[in-house]
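Protein chains: 2
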Amino acid sequence: MSLSGRQVQVVAYPRGPVEERHFEVVEVPVEPVGPGQVLVRNTWTSVDPGLRLRLREAAPEGYFVAFPLHAAMDGIMTIGEVVESRAEGFAPGDTVWHARGWRDYAVVDASAVQLSGLGTLRVLDTSIAEPQWYLGVLGGMGLTAYAGLSVVGALKGGETVWVSAAAGAVGSLAVQIAKLHGNRVVASAGSDDKVRWLLDDLGVDAAFSYRAAPVGEGLAIAAPEGIDVYFDCVGSDHLEAALDAMNRDGRIAICGSVSEYESEPAGPRNLFLAVAKDLTIRGFRGSSNLDLLDQMQAELGAALADGRLQQRETVFDGLASAPKALIEMIAGRTTGKTLVHLTDVR
Amino acid sequence: MSLSGRQVQVVAYPRGPVEERHFEVVEVPVEPVGPGQVLVRNTWTSVDPGLRLRLREAAPEGYFVAFPLHAAMDGIMTIGEVVESRAEGFAPGDTVWHARGWRDYAVVDASAVQLSGLGTLRVLDTSIAEPQWYLGVLGGMGLTAYAGLSVVGALKGGETVWVSAAAGAVGSLAVQIAKLHGNRVVASAGSDDKVRWLLDDLGVDAAFSYRAAPVGEGLAIAAPEGIDVYFDCVGSDHLEAALDAMNRDGRIAICGSVSEYESEPAGPRNLFLAVAKDLTIRGFRGSSNLDLLDQMQAELGAALADGRLQQRETVFDGLASAPKALIEMIAGRTTGKTLVHLTDVR
Numbered sequence: 001m002s003l004s005g006r007q008v009q010v011v012a013y014p015r016g017p018v019e020e021r022h023f024e025v026v027e028v029p030v031e032p033v034g035p036g037q038v039l040v041r042n043t044w045t046s047v048d049p050g051l052r053l054r055l056r057e058a059a060p061e062g063y064f065v066a067f068p069l070h071a072a073m074d075g076i077m078t079i080g081e082v083v084e085s086r087a088e089g090f091a092p093g094d095t096v097w098h099a100r101g102w103r104d105y106a107v108v109d110a111s112a113v114q115l116s117g118l119g120t121l122r123v124l125d126t127s128i129a130e131p132q133w134y135l136g137v138l139g140g141m142g143l144t145a146y147a148g149l150s151v152v153g154a155l156k157g158g159e160t161v162w163v164s165a166a167a168g169a170v171g172s173l174a175v176q177i178a179k180l181h182g183n184r185v186v187a188s189a190g191s192d193d194k195v196r197w198l199l200d201d202l203g204v205d206a207a208f209s210y211r212a213a214p215v216g217e218g219l220a221i222a223a224p225e226g227i228d229v230y231f232d233c234v235g236s237d238h239l240e241a242a243l244d245a246m247n248r249d250g251r252i253a254i255c256g257s258v259s260e261y262e263s264e265p266a267g268p269r270n271l272f273l274a275v276a277k278d279l280t281i282r283g284f285r286g287s288s289n290l291d292l293l294d295q296m297q298a299e300l301g302a303a304l305a306d307g308r309l310q311q312r313e314t315v316f317d318g319l320a321s322a323p324k325a326l327i328e329m330i331a332g333r334t335t336g337k338t339l340v341h342l343t344d345v346r
Numbered sequence: 001m002s003l004s005g006r007q008v009q010v011v012a013y014p015r016g017p018v019e020e021r022h023f024e025v026v027e028v029p030v031e032p033v034g035p036g037q038v039l040v041r042n043t044w045t046s047v048d049p050g051l052r053l054r055l056r057e058a059a060p061e062g063y064f065v066a067f068p069l070h071a072a073m074d075g076i077m078t079i080g081e082v083v084e085s086r087a088e089g090f091a092p093g094d095t096v097w098h099a100r101g102w103r104d105y106a107v108v109d110a111s112a113v114q115l116s117g118l119g120t121l122r123v124l125d126t127s128i129a130e131p132q133w134y135l136g137v138l139g140g141m142g143l144t145a146y147a148g149l150s151v152v153g154a155l156k157g158g159e160t161v162w163v164s165a166a167a168g169a170v171g172s173l174a175v176q177i178a179k180l181h182g183n184r185v186v187a188s189a190g191s192d193d194k195v196r197w198l199l200d201d202l203g204v205d206a207a208f209s210y211r212a213a214p215v216g217e218g219l220a221i222a223a224p225e226g227i228d229v230y231f232d233c234v235g236s237d238h239l240e241a242a243l244d245a246m247n248r249d250g251r252i253a254i255c256g257s258v259s260e261y262e263s264e265p266a267g268p269r270n271l272f273l274a275v276a277k278d279l280t281i282r283g284f285r286g287s288s289n290l291d292l293l294d295q296m297q298a299e300l301g302a303a304l305a306d307g308r309l310q311q312r313e314t315v316f317d318g319l320a321s322a323p324k325a326l327i328e329m330i331a332g333r334t335t336g337k338t339l340v341h342l343t344d345v346r
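First to last, the protein sequences are chains U and A.
Mind the numbering: the first sequence is residues 1 to 346 in our numbering, read in order.
Mind the numbering: the second sequence is residues 1 to 346 in our numbering, read in order.
With the rest of the complex left out, here is chain U:
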């Protein structure tokens, strides 16, 4: 009997909020393993804000590719165990990452470059970290936070850094990295609970909920002397507030604009302040900074090991919960890295 497995497929593109009805879980035969390929039984799969951008007929230009309807969704980071290998360097039992997630089993071309290289099949060292950490702090999330602050934000210590969506997967790492580099860190999030976690556990210097008051007001109280670096995961009103609060020669690192993914983006009306204040605004993708991956894993891995860095996960159980995980994350009801644990793969 040939192997079969489930996969989540998009069956309709949402107009407005994502709902579970936009997805379907489908049982499909697993393809045969060809030369240079590896069969992986997935164990953890990733849920990222950026996936929302691909639930459209036409995804934003760049290398975002729209998910096709009624087909497997490629380009989602996933952890799994090699079941069968016809590729050099991979053996049954290896823990790997790759980018063919949201499914039970994946047949992966070992040499295929995925997600600009970040998602290319790779054996992971599970002696130093839990496997799923490679989807968060030691993977794309860590790389995004690390590259955004060190390269784009040009952290130099002694400055005020604001991180939005700071209780999210990337934001919760960014606030900690900024603290480790000797900055005053201001964090914003969407609930009082998250604000407490940021203050009490992650040690930020000030935090506020953007639901409690207009974000500019919260920011003015948290950073009365302005900000030098803004790490933007939100866009829209947050980005406008940052432009207002920026000190001269400030830097804005934009890794995402989650507030705009389900609506028409408006664009910051005060972008001209970039001229008045000599500001640098850089959009960036974590995966465009693959050259920093080893350095990031070494630095953040060491900080994790000795307790200077914390990470938190919101775990959904079973493949069928992946759409719900995405919905909850976009709504701001998850904390830290959002993951699906594939406990029910046969």
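Do not rely on the hints blindly, as some may be mistaken.
[Stated by the list, open to error] Now the in silico label distances, taken between C-beta atoms and shown as ranges: (1) A:Asn247 x U:Gly158: 56 to 64 Å; (2) U:Ile221 x A:Arg196: 54 to 62 Å; (3) U:Ile221 x A:Ala71: 29 to 37 Å; (4) A:Asn247 x U:His70: 54 to 62 Å; (5) A:Ala66 x U:Pro17: 39 to 47 Å; (6) A:Glu262 x U:Arg15: 32 to 40 Å; (7) U:Gly158 x A:Asp294: 27 to 35 Å.
Derived by calculation from the structure, the hints in this document are not laboratory data.
Keep in mind that this is a model prediction, so the values were computed, not measured.
Glycine included, C-beta positions come from ideal geometry on N, C-alpha and C.
Assemble the complex: chain U is given as a structure, and chain A must be docked to it using the hints.
Frame of chain U, contents of chain A only:
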């Protein structure tokens, strides 16, 4: 009899387009010259898009200062001749620049830092250039074009560079500097005459009028393979078109947003493309790059001398024409550097 002179004063802040009625020419006594001060009879005074931002009760944050009503307008670059000096290093007959323009006579503190240093009183070498060139190609305009391309745009040659408002004071220098540095240069302007000038005299590779078709369409024809650097003097629809057309790792240097100075700015709705394509957007002021002034004057002065660089002026005659000069420039009806020649100072 004590000396008196005219000055242009703002008497009402425009809501919408600037009109002549927002200004008044007033004859005032010239202050006595104190220790450390110099009396200058102005000969040329500058008309810049940025002045429009200061015709408001509250100017944009940064170092823009609103012009007060019924008072002299400080912070406008001007050329003049020293009449009387009580400051070391300045003697009657010296040609100087300073920032107390839009008036016949100015009493200038020799050591006062004006316009971030750019407008601080300075003796000019008129053996190598016409005095008024120091308001254009060898002054703030040249510095803005030069710094925007070399520092912010990080020109490296062999790329495609788009300059908007390319027939303007800064733009017409930017296209030529980009050409001198070995790039393919695309220019846009607001009339067919300007387009012809850009193509025939300034030697750009492609040019289009943004009034002939939506700017994105003109750009797509002029730069079918996308652009690597965008030098933005316009903002709004131009900036959106640039974000759409940008190649990966592109740079946008924003020196101004003249399209937005008389209306509510909207902000680019596609700013998220900065993330998708790893774009850098930098606002900057020419005066923030004073360290480049000598280098710019040497490089552009040499290019002027041997004919590799052209410059063009639109000259209005007499102090009272300054408001009209500003109105015409904002409406796009001037070419090159807009100047007022103070031929009628008594």
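Right, here's what the structure says about each hint:
| no. | hint | verdict |
| --- | --- | --- |
| 1 | A:Asn247 x U:Gly158: 56 to 64 Å | violated, 36 Å |
| 2 | U:Ile221 x A:Arg196: 54 to 62 Å | holds, 56 Å |
| 3 | U:Ile221 x A:Ala71: 29 to 37 Å | holds, 36 Å |
| 4 | A:Asn247 x U:His70: 54 to 62 Å | violated, 33 Å |
| 5 | A:Ala66 x U:Pro17: 39 to 47 Å | holds, 44 Å |
| 6 | A:Glu262 x U:Arg15: 32 to 40 Å | holds, 36 Å |
| 7 | U:Gly158 x A:Asp294: 27 to 35 Å | holds, 31 Å |
Against the hints set out earlier in the document, violations occur for numbers 1, 4.
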